[in-house]
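> For reference, the chains in residue letters:
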Amino acid sequence: MDLFWLIPFLPLIGFLINGIGIKWVPKQLAGLIACSVVGIAFAIAVGAFLELRSLPVADRSVTHVMFPWIMAGQFNVNVAFLWDQLSSVMVMIVTGVGFLIHVYSLGYMKNDPGFKRYFAYLNLFTFAMLLLVMGDNFLLLFVGWEGVGLCSYLLIGFWYQKDSATDAGKKAFIVNRIGDFGVLLGMFLVYWNTGSLTFVEVFERAPAVFIAGAALPTAITLLFFLGATGKSAQLPLYVWLPDAMEGPTPVSALIHAATMVTAGVYLFARASGLFAMAPDAMMVVAIVGALTAFMAATIGLVQNDIKRVLAYSTVSQLGYMFLAVGSGAYIAAIFHLMTHAFFKALLFLGSGSVIEACHHEQDMRKMGGLRKKMPITSTTFMIGSLALAGVPIFAGFFSKDEILYNTFTSGTLGAIGPVLWVIGALAALMTAFYITRAVAMTFYGEPKDKEIHDHAHESPSVMTVPLMILAVASTVGGFLGIPIFMKYNVMHNWLGPLIGGGGHGAHGGDHGAVTEHGTTHLAAGPSDHGGGHAEHNVTLEVILMGISVAIALFGIVWAWQNYVKHPKRAEAMGARFPGLYKLLDGKWFVDEFYNAVIVVPIVGFSKFLWTVVDSEFVDGLVNGTGKLMRGIGSALRPVQSGLTPNYATAILVGAIVIMGYVVLGGAR
Amino acid sequence: MPVLSLITFLPLIGALLIWFLPMSSKGHRGLALLTTLVTFAVSLQLWFGFERGTADFQYVEKLAWIPDFGVSYHLGIDGISILLVLLSTFLGIIGVLASWTAVEKRTKSYYAFLLVLQTGMTGVFVSLDLFLFYVFWEAMLIPMYFLIGIWGGERRLYAAVKFFLYTMFGSLLMLVALIYLAVTYYQQTGVMSFDLLEIYSVALGREQQLWLFAAYALAFAIKVPLFPFHTWLPDAHVEAPTAGSIILAGVLLKMGTYGYVRFCLPLFPEATVAAVPVIAILSVIGIIYGALVAMVQPDIKKLVAYSSVSHLGFVMLGVFALNIQGLQGGMLQMINHGVSTGALFLLVGMIYERRHTRLIENFGGITKVMPAFAVCFLIVTLSSIGLPGTNGFVGEFLVLLGAFAANKWYGVLATTGVILAACYMLWMFQRVMFGVIKHKENEDLKDLNLREWITVLPLLILIFWMGIYPKPFLDTMDASLKNVLVQVGQAPPQIPNMDTHGDHDDHSDYRVIPMDDDTNLVMIDSGKAPDATLMSQETELKDAGASNENAPGEEME
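First to last, the protein sequences are chains A and B. If you read the first sequence in this note's numbering, its first letter stands for residue 1, the second for the next number, and so on. If you read the second sequence in this note's numbering, its first letter stands for residue 669, the second for the next number, and so on.
If we strip away everything but chain B, and leave its shape as in the complex, we get (with noise of 0.2 Å):
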């Protein structure tokens, strides 16, 4: 059963009928709830089918689709891209509970259009396709265009087409750079093809990786969003719709990311290398700048989309790492920051809808009338701080263990970033959620009903399997990313004894690159200075990787 097509296109297939189907608004939801609902259900074979150990993509379907040019209709999965398909299904679901009351107008175009995003969405997860991959990255736009465009706040039309004309630039970009990967395996083989598998081995000079790597780096920067392409991002956040806002905090950001780890390292290795140091800066100023900025918000909801962008530093920071602890903790923080950024644009929505506004000035004490909510907005801030016990610590630990390796300083100035999270959370929670309420119309605010319960449920308890016990997510993308890491030729970061004292079945997964002595990360030389020391043990891993050099590739003339 090709399973991965049935997932991409079941929701298709839902706004189809409820487009043309008769019904009432009633109906309209209720079908789409249905639609999510199956559609979740036969991705969780997924999970459970899904071979763990091997980095080879399961659930291959592969097809011609354009002969004459080589593009084929191949998907498949593997372990990067497995976990952000079941996050697409799952939060289509929450997507569709949380616009059961909320949205009131044109509900069939409402409801066709999120499930024509998650055929988006999904399908950019899926395809193996260069050309198909940018037809679901560019067709996922136009929904999400038009739910922020006509269901969004008061600054709607200026919001979508902010969020429209800055992943249009980006996404122009990459179709340049997928023409001319295609049009050099071409040169390279004779065979035209944008199968991305074939492409994976096409060789490309020093010049051309740079290029390329920064085409594609530059459609996914703005998608992520990376310091300083990150200003769509409020803006879209703040006029979007609730389930707008939650997709696109969950799913349409981990896009850029996913884009990342798929496309940029595997195929632009030492491009990749080169550019550690400039992502990485603009990650470290992501997480602290995304921080302060967020804490003086007024607004509840730009205060999470500018959390939004400290929390894909952290993202883009361990993926950056390049060492399988910064990729891990990245990988998992973009299922976290889906989960937890999720609930709370789901939280905020909730009190969106009974008080009409996100000004946390006009909230206070909203404790003492929803002692329920109280306690699950509480929790997903926490989970938001990264709270060990929750999922988000697991996540930001390892990346931040990851770029510690990766460069001492990066982890240091991101590690900032813990503390800084504590206190745009807290106080926004506090003001909203503590003191006495000094509104009127706060002092009979109902409490969750049974939707709402069922609603962030499941987000919660996510929060914590994360957090508690997180070893079959991580087992699940194990594989997977260690392939990567070999992809860009990194050797994991060296620890002193542990030659003697670790297993080496880690290592028998890398090219191991030996590193010069003064790359080394021990620090045991007492006769310099602290700082010199300190200095001295950062581990350079781009030296490391720039000494494997892919053969070079024919220039193109």
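One chain only, chain A, in its complex shape (with noise of 0.2 Å):
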């Protein structure tokens, strides 16, 4: 554990290797190395995790300061990384899923010229998240929260020749930057309320500074949540993230699917003892979430192309996890980032291996049929599927419910909660429902298009092997955080004592008792204004348990139903609601309301800066009183010409005012 610390470096020696060397290293090397930076990372991960695990709870929070980075009078933020049961959680996910991504990518990536970049770009952005999530205080975090968006611009428009790439690059960068406009302001508030950015101290003092309730509390975290909703594509700046296709497909699996997208969600599991003082902003929030999961959703029951379904559901998923944050259950909230992490990893993964079979074809109405061609593929991408869908035993089953439930009871959300949990469920069915449908138009029914489907084959085991490793983590993961009412949770063991967090967190810190010894709460007191939920009601939670499975198998029976049984059915469907499939065939047509208000506007209002206001006004009395002046100075002086002449005549004059001014003075 004395080395963690030097997990967010390996990526970063990685990178310095590759992009510096990027004329020389030979492309096998480069290739290999930047995989064994992540994976030796990896390792070192796991060992400070069970070394952090066999610490006693209380100890569990280790600080490395590295050096003072900035210092103006008592402001002094250091660079400094913190090891504790929510960063160990972060990094194992980022460098786990990570490793297996690039891996997968020595496959995808093998023919392209770019190699070499994209792997020092890879290896930045795995520095930059380390750096997000292992950062010791706010300041340090937003350096990884800018960091991987600058390498999430260079990755979406990697392939920089495609206007649409670096148009796509270039929005998620702007839009972010709209987000990050809120965290800057909410760091400002933080830091001029408690004298510190650093996350220890920041919790330590906020009970004594801020009135949970009170504006400021509130303010904080509703800025801190804008740049949630940016970095974690909700409402109403998600925009970037369906554009963000464009980038290589291990990239959507990495960055927006398994890790860059969740930095909202980790942000607000961190800080949750500050942000739990303002359950006003948490209710906005969870009702973000839940609208946002549900409006992506409907977004792609229609989308074609296989990797905007699965855009579209990194966003309704997304969706979810604010919903958690917002019930005030953060270890939930954590709990299905993880399994997010595992089965959409898996599926953009398995997406890309379809599309890189089908010559880079990614319409799934060219599609079909491939189930026998890439039986691996399919296989893995089904298990996803599941997943994602909710089935039971699969990963994502477990957290979505635990999500569900918590909204259904959490305190802070109140009557709120069992509306925002109808539309949560609504999600769910339209989830099933998609994925349905994609995994259907994808590998069943008769291939639409036969020269692709000649030449389709099943991937390389470089990039088989990550597929049937995530598929595994996606079956299995989701035991780690099974219901609360079955006694041992590892999860809420775990986060429970660091984040609390009410619901299931609070109940985390009991049942911990049962296996962990001296539990205790060190965030200042969430789960007294946070999700103080009611009494734990198993047979409730077994009730919503079973509604949720069954929309998911009802949600996966009527894709089934409409794409596999009887595949005239879904075109019929479509005509049948013309306006409602124009709208979300048109994405709710938010792009284009974005941009006839606010691009068009601003663009047209600086051009009229540009040529009016400074052009002809501005300007224009300046020259005024430039043509002014040569008239007054050609009357006075016909006899002038050239510029030296005049301003010797000016000092001229002014050493006479000088000397004047002087003698005069002084004569006094």
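The hints are simulated quantities; they were obtained by calculation from the structure and are not laboratory data. Nothing here was measured: the structure is a model prediction, and the numbers come from that model. Hints are not guaranteed to be accurate.
According to the in silico footprint, chain B covers these stretches of chain A (three or more CB under 8 Å from chain B) [unchecked claim]:
hint, region
1, 62-71
2, 154-161
3, 596-606
Here a beta-carbon is modelled for each residue, glycine too, at the ideal position from N, C-alpha and C.
Two independent chains are provided; combine them into the complex using the hints.
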């Protein structure tokens, strides 16, 4: 564990070697370096995790200060890393899933001329993501936060000759910057009220400085949430994520599904003690999360590009995580973050395998019947789909169920809880539907395009082995967070003492006592203000669980009937509701709306500022003054030309003035 | 050894040698490079020999110059000027290297002017005498005028004249003000002196301060340039040769912001506090306005020029936040802007030299043919955007942090500049560097050569150094800036509960002025509506500062 601070630097070293030596490092070696630095980082992370686990609960927070970073007056921020329950889990997800995706990329990017550049970026991303989850203060988190944004920009626009790709990259960066605006302001408020940006200090001082439910914690929470809506693609800033699919598919898996986009969820879990003091804001978070989950799912229903289905699915699943956060169920959010990292990375990589096999065709309408051609890809993809749909024993079932249960019973949400539960359940229905539809269109039915079908082939093992590992994780990963009433819940035992956060969290602490010793709530009493849940109701949970399962199965069967058994029906369905179909197919026309209401007016206004205000008005005044002066000048001194003489005259006049003043002044 | 004189006048000596010794044009540039290198080497000892932790002037040289008028040749540096001096000597080298092949006509006078310009700039930063300062301030105009007017682009004459008149106008007001100051000092002490350190002790009434502040502030505002005095800048930048733009953006603009910190704040504290709303609002307008106008520019150089208006707005906002975070941020941002925008102009100059156009639409897809250039350009772009890890972030963050404490709304509005910066820079970058090559002429552009690498690499190193480990820079300026705040009479913003946690050492540097409870930064009050509570949190520093009045000075007749 003494070496845990090395974890972020390993990918940095990989980046530097591959980045600076891009001309000299041989391709094979570049790939090897890039993968092994992440692999080693994962190994160190597991070791440090086990060591942390062997410590008593109260000691499970280690800080390693590297060097002082910014100091101005009392403001003082270090480059320092934190190793505790939350960061260790996040680091293992990032490096673990990241390692698999690095390896997969060896196959996927094999023939790309930008191979080395790609791996350099991927390492840089891993470095930035590790800074984000390991930084011991808000500012370092923000460094990682913007750093992953940069890598996202670079990787979305990886094929920089494609305008659509560079447009998408730019859009991602700018939309995220809008969110970062909120994070910056949030940090200012935190600093000027607590005098620190270091997590431990801020959370320690927060109860004395902030009054729960008052305007200040609410403002801070909402500002940070603005940042989260950018980075984690929530309403109203989610629009960049679907476009981000322009990047290479493993990038979508790593950045736009498993890791970066979950940064907002991490932020809220990390600062749960602070945010729980703003129940009104948490209500907003929950509502936005639920609406995002719902709206993105509706769009996912009609997409024909396999990656876009998964992209909207990611937006939707992130919505669930924020629904959990808003309900005060932080641990459930992190749990879903983890299972989602497994199964969504799996789905994206699976889609990448399909896309590769189909010669970079992403339109599902041209696929079909690939099941027999690609047995491993199709099997693992279906496992991922079952996990996403929330079918029991698969990972997504446990985490999604926990979120929905917490929403229903949340003390902070009160009467809104069941309403949001309904929205969440409807989204779950659509989730099951759209992913089954995707499976059906891709792997079942008749081949739509004979040429593509004939060329399709299973991917090499460097790609399929990561798929298999992720498939296993998507299957058994859920057992880390089996329902509370079964008494033993790894996630809650581990994170409970740090995050607390009401709901299962509070219970997790209690249950933790069964297996761990001396559980204490380190966070500043979030359960007092946050999701103070009602008595745990096993019957209710079982009933809700039953409904979830029924919904998932119904969605699957419904889609199966429409897309596998009776493919004609699907087309008819769109035709039956032309207006609705158009709305969903047009993605609710949000992009168009933003373009008309924000982009066009700003550009127009800027042009007005330039051509009218700047050139005509301000400069007109200046030139007018100049002309006036010249007029006066030429009237007074008709024999003048050139400017140097003017200047000399001015100096002379100046000198005379000086002397005049001095002499006169001295005379008095 | 009179180090400062050496640093100041070595370039002038180089210029004279270039002017009078017969040599080829290669000799001119070689000698110019040698001169700037030697000057920089000499100036480096300031960095290593400078004593941190004190606000006293160091490397002081003082000689009587015009004793009858109390004009002295008084040089010295402190934490405020040392970094600007180093920036000048450093960018001097970059300027020569950037002109290496770009300037072919009349190289003798070109390099001579470039070196004279450097003497003028350095002199401005090391002068501790009002009159001497003024002489350097004016002297620097002449070489700049010729650099733009002779080696500039198509509309070079218009730009040169505009630059000249604009700045002259401001300078004249400054001249009047400085004479008034000296005369007042004479009336109060019976001694004639233009020495800044002595003038610091002059007692001025509120009315006097306001007038003098206005005169100085206007001169500096034009130089910065603060909105709405900025329209000379885009023209000057677009027409100036590359080295001219680098020096103009890198150093000349800083003379304005430096002037505020060196003269306006300490000399006219009461007026400074009174002017905070005006200057802060103009700065915020500049930040947003500059960014918006930059966004729609078709010419890369003009885009960068307007981005300077935006960036300098940050500097001014930081300085007039009147707290240590803002001042340090503003100061650091001066250096940052010199490095990053200097680098931007350098890189733009490189493609201009290849293509003889700066219109964005004439490019596109350049990454394909110039990958190394693309990497450099990207790094500099990101630094200009203020990405964490680069220098731009540290400066911008501190400025915004400080501005937020001074007045929440300044902070909020200025922070939108962070979004806009990403818009205009990335849009430009995309149109120039990405996509497929649309113009045949761009298909066989050469990537960076060795000289260009050598020119740009030090700038890149600085970008990361100042972004990752800014401590040496912040330490250098710390004591002097705290002293400025003492001179202005500003207490640090109060943070609730900090008395029990924070260290008290920083407090001891200030004359702490008790603040009204209403103006405190706490917004714990939960009884009010959200908006009302947010408003009450505003810290009106000016209230605190206004209570600290200098002794009323004697009125002049």
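> Count the residues of the region 154-161 of chain A whose Cβ falls closer than 8 Å to any Cβ of chain B, and tell me whether that reaches three.
n = 3 at 8 Å, threshold three: holds.
> Per the coverage rule (Cβ-Cβ under 8 Å, at least three residues), is the region 596-606 of chain A covered by chain B?
As far as the region 596-606 of chain A goes, the hint holds, because 4 residues have Cβ atoms under 8 Å from chain B.
> Counting residues of the region 62-71 of chain A that have a beta-carbon nearer than 8 Å to any beta-carbon of chain B, does the count reach 3?
holds (count 5)
In this structure, every one of the numbered hints holds.
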